[in-house]
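Just so you know, the protein sequences line up as chains A and B, in that order. Under our numbering, think of the first position of the first sequence as 1, with each following residue one higher. Under our numbering, think of the first position of the second sequence as 1, with each following residue one higher.
Think of the hints as simulated: they come from the structure by calculation, not from any bench. On a predicted model such as this, the values are computed, not experimentally measured, just so you know. Just to be clear, a hint being listed does not mean it is correct.
Which bits of chain B does chain A cover? Going by a derived footprint, with three or more residues having C-beta under 8 Å, they are [claimed, not checked]:
hint : region
1    : 140-154
2    : 177-188
To give an idea of the chain A side of the interface with chain B (calculated C-beta under 7 Å), a few residues [stated by the list, open to error]:
hint : residue
3    : Leu28
4    : Ala29
5    : Ser30
6    : Gly31
7    : Arg122
8    : Ala189
9    : Ala195
10   : Val200
11   : Gln204
12   : Leu205
Glycine included, every Cβ here is placed at the ideal spot set by N, Cα and C.
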Amino acid sequence: MGSVTDLEALLRPPAMEMPPYPPKVITLASGEEMVVREAVREEMPTLLKAIYPLLLVERDFYDIVAARLYAELLAFKRYRVKDEYVLVGLIDGVLAGLVNGRLVDGKLGMSYHTLTIRRGLRVGSHLFAAKMEYHIEHVGQDEVLIVAESPIGFRRWMIEYPLEKKYEVQHELGGVPSWVLTRQTYFDAKPRLVAGRRPVSAAQLAGAAAIRLPGEEIVRLQVTGEKGGKT
Amino acid sequence: MRPVYIVGAGMTRFGRSEWPLVDLASAASLAALHHANLGKVPVDAVVVANMGAGRVNRQTALGSALVDRLSLWPAAAEAVENGPASGASAVKVGVQAIASGMADVVLVTGVEMMRAVDGLEATDFVASLSHPEAEYIYGVTLPSLAGLFTRLYMARYGVERRHLALVAIKNHDNAMKNPYAHIHQTVTMEGILTAPEAIVNNPPVAEPLCMFDCCPVSDGAAALVLASDSVADKLGAPRVLVAGIGQATDTHAVQEREDPTDLKAVRLASAAAFARAGVKPADVDVVELHDAFTILEIAESEAAGFFKPGQAHKAVERGETQLTGKLPINPSGGLKAKGHPVGATGVAQLVELTWQLRGEATGRQVAKAKTAYACNFGGFGNNVVATVLRKEER
Chain A
1 MGSVTDLEAL LRPPAMEMPP YPPKVITLAS GEEMVVREAV REEMPTLLKA
51 IYPLLLVERD FYDIVAARLY AELLAFKRYR VKDEYVLVGL IDGVLAGLVN
101 GRLVDGKLGM SYHTLTIRRG LRVGSHLFAA KMEYHIEHVG QDEVLIVAES
151 PIGFRRWMIE YPLEKKYEVQ HELGGVPSWV LTRQTYFDAK PRLVAGRRPV
201 SAAQLAGAAA IRLPGEEIVR LQVTGEKGGK T
Chain B
1 MRPVYIVGAG MTRFGRSEWP LVDLASAASL AALHHANLGK VPVDAVVVAN
51 MGAGRVNRQT ALGSALVDRL SLWPAAAEAV ENGPASGASA VKVGVQAIAS
101 GMADVVLVTG VEMMRAVDGL EATDFVASLS HPEAEYIYGV TLPSLAGLFT
151 RLYMARYGVE RRHLALVAIK NHDNAMKNPY AHIHQTVTME GILTAPEAIV
201 NNPPVAEPLC MFDCCPVSDG AAALVLASDS VADKLGAPRV LVAGIGQATD
251 THAVQEREDP TDLKAVRLAS AAAFARAGVK PADVDVVELH DAFTILEIAE
301 SEAAGFFKPG QAHKAVERGE TQLTGKLPIN PSGGLKAKGH PVGATGVAQL
351 VELTWQLRGE ATGRQVAKAK TAYACNFGGF GNNVVATVLR KEER
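Work the whole structure out from these sequences, hints included.
Dropping the structure here:
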């Protein structure tokens with residue numbers, strides 16, 4: 001005790017072993033294929049760069065989602081959050097959206113955020129479904145605690161699945177009364193909400209090996225809804 | 001009756017507006033007035049088309065509000081509410097004013113801000129046009145009526161989901177070329193119908209109709225400047241004649257119709273419009289239809305007389321209704337992808353057709369368009385206004 005390394009070890013939360021998320025590919029309404037895969041810690045700087053421009057976008061609560069997600073990814077990068085994972089959706093290697101969450105213990109998951117950059121193609125719905133798939137099917141948890149920070153999220157998660165209230169539990173995101181996805185809810189919803197094919201071809205995996213950031217124009221057009229039209 | 005010309009057309013981009021309602025209407029109006037280049041020619045009357053501002057935006061008397069915002073006093077002003085056909089009805093009122101000699105210049109503006117409320121309330125607000133005792137109290141919505149209609153149409157004529165998907169794909173493609181369209185996103189047959197993921201990408205709304213069969217909920221405004229022959233002549237603008245308007249009604253409750261697949265009001269309104277214009281469906285070069293649901297583009301194109309009953313879906317399959325086809329339908333992207341701010345829709349259809357006839361529909365121009373037709377479909381087909389426009393050479 002006494003060295004910087006020893007102190008760092010104390011500052012880091014203890015980690016449990018987390019199974020990998022096997023990548024999958026989803027054909028979107030546009031016909032484009034989106035690879036969904038896990039993002040590793042070393043990719044967090046790239047993702048932080050993608051999120052940064054959204055910190056001041058008030059539309060559809062992008063600001064609060066981006067701010068909290070930024071902190072969560074930074075905490076992941078710097079080992080200040082316990083058992084977090086991040087999944088990304090990539091179209092031709094370009095970031096279309098990302099989701100994250102963490103494992104509370106072997107039986108309980110905590111969903112954090114879903115952020116869509118490429119809007120209008122249910123990218124967020126697909127990625128949220130992948131997140132639930134990870135908790136329930138790959139980690140083998142019984143429940144995932146979920147809240148929504150925007151009406152869009154509420155429609156997509158609470159109404160579409162539909163989730164159950166678990167108001168006696170405060171969610172980590174601001175202490176908001178939680179909703180819960182159970183194994184039963186997940187498997188009931190799976191046929192209509194969980195999509196994707198495995199295995200992903202080697203060529204597609206190679207194309208999704210590096211995360212490329214969307215151009216600022218795409219972010220502006222897709223996220224803020226400014227499509228360059230005339231008034 | 002005096003002839004009436006469209007001398008100016010403008011609109012806002014459809015989508016989700018951050019502007020107040022009257023600002024939105026003003027933007028479209030100013031664009032149309034700028035297009036008309038009226039100079040010192042006064043606007044005699046303003047007619048505003050709107051369906052739900054009293055309920056959704058807590059604002060009424062929109063004609064008075066718009067005149068004031070644009071400093072057009074002492075122009076006459078009024079608002080027209082005729083459900084989703086409010087737009088074309090308002091144009092009809094403007095045309096009547098000029099044709100009768102009561103006015104020389106009329107500004108007609110359609111506006112709607114439906115996204116001020118959430119999707120469920122917007123759906124309920126539109127459903128309030130249905131029969132209160134026979135439909136609304138049972139939870140009938142427009143998507144549910146369209147779903148039932150689609151089932152009947154499929155059973156009778158062999159229309160399949162892929163035909164509906166082809167309409168959606170075409171209109172999304174067209175909207176990509178329209179900077180005013182709500183949705184700028186192409187879709188593919190694989191992505192919305194045939195891929196295993198399609199059920200997630202394109203979930204059912206009112207079976208067999210799925211998400212990409214339905215128009216979005218939009219805010220937006222569109223405006224036209226109508227003028228008498230003498231004013232149009234003075235302005236020297238390209239002459240787009242309102243050649244014929246027809247309007248017809250049908251039973252309020254769909255269940256009371258002898259044949260629910262027969263869009264009788266479309267048929268009668270279109271026949272009247274063609275008769276007044278002195279043209280036949282075969283003379284039409286470009287069409288805007290009220291495709292709030294993909295099936296309606298198919299059904300209306302038959303009822304209007306462009307195809308025989310049961311033949312339109314085959315024409316869609318052959319590509320005849322594409323931008324470069326024999327009869328381009330919805331070059332704007334239609335309600336399906338351009339968007340559907342209900343009170344603005346009928347005006348926006350005629351804005352698009354005016355641009356088409358003037359050769360100003362950049363990127364989506366139908367070659368050599370001289371005669372155009374629009375169908376503004378109110379209720380679930382119980383109040384329809386059809387309009388024929390014709391380009392006149394100077």
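Verification of the hints:
A stretch counts as covered by a chain when three or more of its residues have a beta carbon under 8 Å from one of that chain; for the region 140-154 of chain B and chain A the count is 0, and the coverage is violated. Judged by the Cβ-Cβ criterion of 8 Å, the region 177-188 of chain B is covered by chain A as claimed, because 9 of its residues qualify and three suffice. For Leu28(A), the interface hint holds, the least distance from its beta-carbon to any beta-carbon of chain B being 6 Å, beneath 7 Å. Interface restraint check: Ala29(A) against chain B, minimum CB-CB distance 4 Å, threshold 7 Å, status holds.
With a least beta-carbon distance of about 6 Å to chain B, the hint placing Ser30(A) at the interface is held under the 7 Å criterion. Residue-level restraint check for Gly31(A) holds (minimum Cβ-Cβ distance to chain B is 3 Å; threshold 7 Å). Checking Arg122(A) against chain B: minimum C-beta separation of about 6 Å stays under 7 Å; hint holds. Interface restraint check: Ala189(A) against chain B, minimum CB-CB distance 10 Å, threshold 7 Å, status violated.
Interface restraint check: Ala195(A) against chain B, minimum CB-CB distance 4 Å, threshold 7 Å, status holds. Given the 7 Å rule on beta carbons, the hint for Val200(A) is violated: about 14 Å separates it from the nearest Cβ of chain B. Evaluation of the Gln204(A) hint against chain B yields a violated restraint, the C-beta minimum of about 15 Å exceeding 7 Å. Below 7 Å, beta-carbon pairs count as interface contacts, and Leu205(A) has none with chain B, the closest being about 18 Å; its hint is therefore violated.
The structure fails to meet hints 1, 8, 10, 11 and 12 from the earlier list, while all remaining hints are met.
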